[in-house]
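Could you build all of it, start to finish, from the sequences and the hints given here?
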Amino acid sequence: MARARISGAARLALVVGALAAIVYPIPLQLQGQTYYQTVGFLVLVNAMLGVGWNVIGGWTGQFDFGPQVFFAVGAYTAALLYAKLGVIAWVGLLAGVAVAIVLCAVLTYPLTRLRGHYFAIATVAIWMIAQPIGASWEFIGAAQGLFLPVQTHDSVVGAALSLQFSGPTKALGYYYSALLLFAVTLALMALVERSKLGYYFRAIRDDQEAAEGIGIDSRRYKVIARSITAAVFAAAGALYAFWALSVFPEQVLELHWSTLPIMATVVGGIGRLWGPVLGAVILIPISQVMSTTLGTGPLAGRGIDLIVYGLIIIVIAAFRPTGLLSLPWGRWFGRRRPAPA
Amino acid sequence: MAPLLSVESSTKRFGGLLANRDVSLTVGAGEIVGLIGPNGAGKTTLFNCIAGYMHPDAGRIVFDGTDITRTRPERICRLGVARTWQVVRTFGRMTALDNVVCGALERTSRVTEARARASELLEFTGLGGRGDLLAATLTLADKKRLEIARALATRPRLLLLDEAMSGLTPLEAAAAVTLVRRIHEELGVAICVVEHVMEVVMPLSHRVVVLDYGVKIADGPPETVVRDEQVIRAYLGGRRAAR
Amino acid sequence: MTELAQAVVNGLQMGFLYALVAVGLAIIWGLMEMINFAHGEFLMLGMFGAWWLSAGFGIDPLLGIVPIAVAMYGFGVLVYRHLMRRVQGGDPFTQIFATIGLLFLLQNAVVAGFTSDYRFVNEGILASLSRTRLDVLGLTFGVPLLAAAGLALVLFLALYLLIERTEFGLALQATSEDRDAARLVGIRPQRMFAVAWGLGAALVAIAGAILVNFFAVYPQVGLQFTVLAYAIVALGGFGSILGTLLAALLVGVIQSVTVVYLSPAFKDAFVFASYLLIGLFRPQGLFGRF
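Chains as they are written, first to last, in our numbering: chain A, 63 to 403; chain B, 804 to 1046; chain C, 846 to 1135.
It is worth saying that the hints were derived from the structure and are not from the lab. There's no promise every hint is true.
[Claimed, not checked] Computed beta-carbon distance windows for the label pairs:
hint	chain 1	residue 1	chain 2	residue 2	range
1	B	911	A	177	25 to 33 Å
2	C	961	A	245	38 to 46 Å
3	C	983	A	164	49 to 57 Å
4	A	384	B	1002	39 to 47 Å
5	C	982	A	199	34 to 42 Å
6	C	1122	A	384	35 to 43 Å
7	A	355	C	1006	49 to 57 Å
Each residue gets a CB set at the ideal place from its N, CA and C atoms; glycine is no exception.
Structure representation (structure tokens):
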């Protein structure tokens, strides 16, 4: 669990995975298949969101179905700052993160009085209230939303610094930007996992009252956990805004920005740092493949792809409820596991 | 010298049930106080009030000069009171070592320091070598030790032990008594222990307080309390025999 | 003043229908603590069942309630036995995940079979009464909605009596509080859970068969009701069937009043804002036991 040493097999998997992620889009670029780069982009964004959600959901054990609100906050903040003041993307991203953290802390603190399922509905409540506000608030464009004026840059550096890629390397650029953000998020969350915060979050999850008995202020740490999740969601939202070049309520406040990362986390293994990554790598390509093969052609419009997708989810849930990371990879690759008492 | 803990006329009601009525007790800094009484006498309710999980409807609780009547549990722990639970509550999904680390982090923010202290405490409570096991897989006796180690990690000056011996075999209970004595003597912690098992509580305590139906009926050295008529009637009346 | 009273009265009637939608969830989630993202899909299946019986066989939706209830009861038990039982022991999020899969499956199976077109039920007892109005004390009651609300109330009370006053209901409550203790007194928890799922599914499908007289039928119709049902059960408080009814009535009224005085876009937002407000003062809901 919270141990500093990584086994040899896991270290190997890490290196191979990192290389694969870095190299993945290059052969696609040479063949001009940018669609698959975009799939990779979506995998990375959802993996990042899953890693972020894991902090409040997997580690702290709280039912949170509302972080898409902070995804929207990040998207809108970055988009607004750029569209109205010309602030460059990365600064806008940081600003979005800051706004999301403050908003989350203020909103969540009173909600920590609510336990378990009641808290869950409260997170949904904030989302339900945010939707009509987003659709009617003129300052952020109401239902029309905001458009980000497109700018082409001559140099790669220029494009990267302002997060505005265009032309044949557009998908490639966004893929690597997502990879960078994802890597930073993963590294930061790994640090959190090993820190005092990581211990306290898991204590609250396992037994909140017992945790209070050893001095843990459960309300405060729930707020901190949720704010970390909000920060990750906001960063992803800002990236998304510059990728989509438009931000409007129906798109950034969609429930799937939280349900898909949650599903990925459950598939991979809830509470495990790499769980969401494994889950995203599996779920999203499956849904894309389903959608392009079964969702088009003679079977189009009949939802067959989603039927199969639903069946796959049900089968995974029924046969491996603890997530795919909990499969005995160690045994399969020859690593010894600690024995129970 | 003022007592470390002073409960003054604490009263706690649950709807129609009067769990604690006007209960007063003290624990001095160098004492082990036993809290006994038949089932339902209100012992755990009193503990919950002291530790901050409930607040008395009337009366006052003072710890080391600070009024903790309405204080939250985490703040009370910070002030120096730690507790164990009647039904053992470890952090099941974490290792034994990590459980104690959580306690140690109350007094230090550095994880390496906390881990070192946690290792020491695991040794002290007899769990050395079992630190990497998941808490949920430990035996009951080991889980109770773990709870104690975790509580000790917060550097308490008062330790509240709620039925720490229940469910243990005589051998395990004897080991637990030795541990409690060591905690008191080597770590200088005042202890208040709720217990059913007479052979354990009497030799261990400097003073014994007896509750019956929410009311204190005796408070004194063990030899005196054992001969008190009200106490004998409380235990033997209604076919409840003292073991 | 009569405008407000009218809004309240309309909201109350709608509230009884919401209560029927929510009570199935009150049993599955409120009592048995199992999360079901596909609750709205059960509702949708009830609606489609009623439409299909009406359009295909000329069976009045109100009569169709019986076969639909029986069929959905069996379906609920099936879902429990083959899916939910396997995910029950693990993380609650796995239950969520499993029922999301169920949601995709059910919704799109209906899309595959019937397409996403909107359908309507225009025949039947309630439809034939749609011109009739009742005027009492200056307030107007549409008879169909009034009749539907009445029916919902009767069914709700029947369920309340079942849960609170029969031995079976007590066994259900016992299982929800302490599974092992229930086992010790001879209750079989697996059977209780299966029955809870069957009942829950049947009740919300019945609600669908009634709602079909007032709402369009299409595969995605369930979502709006799902979110509202969850809010209602939580607002009423876990473990309290009566709380579900009162919360549903409250939600109906809040929605109705918001639509009249503020804006239809905010009707759900106000329901949830009320939830937050009430939650601050009563973290366990209006009548929650835990």
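Check the following: the C-beta atoms of residue 1122 of chain C and residue 384 of chain A are separated by a distance inside 35 to 43 Å. Once the Cβ atoms are compared, 38 Å apart, the range 35 to 43 Å for residue 384 of chain A and residue 1122 of chain C holds.
Using the C-beta atoms of residue 983 of chain C and residue 164 of chain A, is the stated range 49 to 57 Å upheld? Because 50 Å falls inside the window, the suggested range holds.
Taking 34 to 42 Å as the hint, is the beta-carbon distance of residue 982 of chain C and residue 199 of chain A inside that range? 41 Å, holds
Range hint 49 to 57 Å: satisfied by the CB atoms of residue 355 of chain A and residue 1006 of chain C? 52 Å, holds
For the hint 25 to 33 Å, verify it against the beta carbon of residue 911 of chain B and that of residue 177 of chain A. 30 Å, holds
Do the beta carbons of residue 384 of chain A and residue 1002 of chain B sit within 39 to 47 Å of each other? Check passed, 44 Å falls within 39 to 47 Å.
Pairwise beta carbon distance, residue 961 of chain C to residue 245 of chain A, judged against the given window 38 to 46 Å: 41 Å, holds
Going down the numbered hints, you'll see the structure goes against none, and every one checks out.
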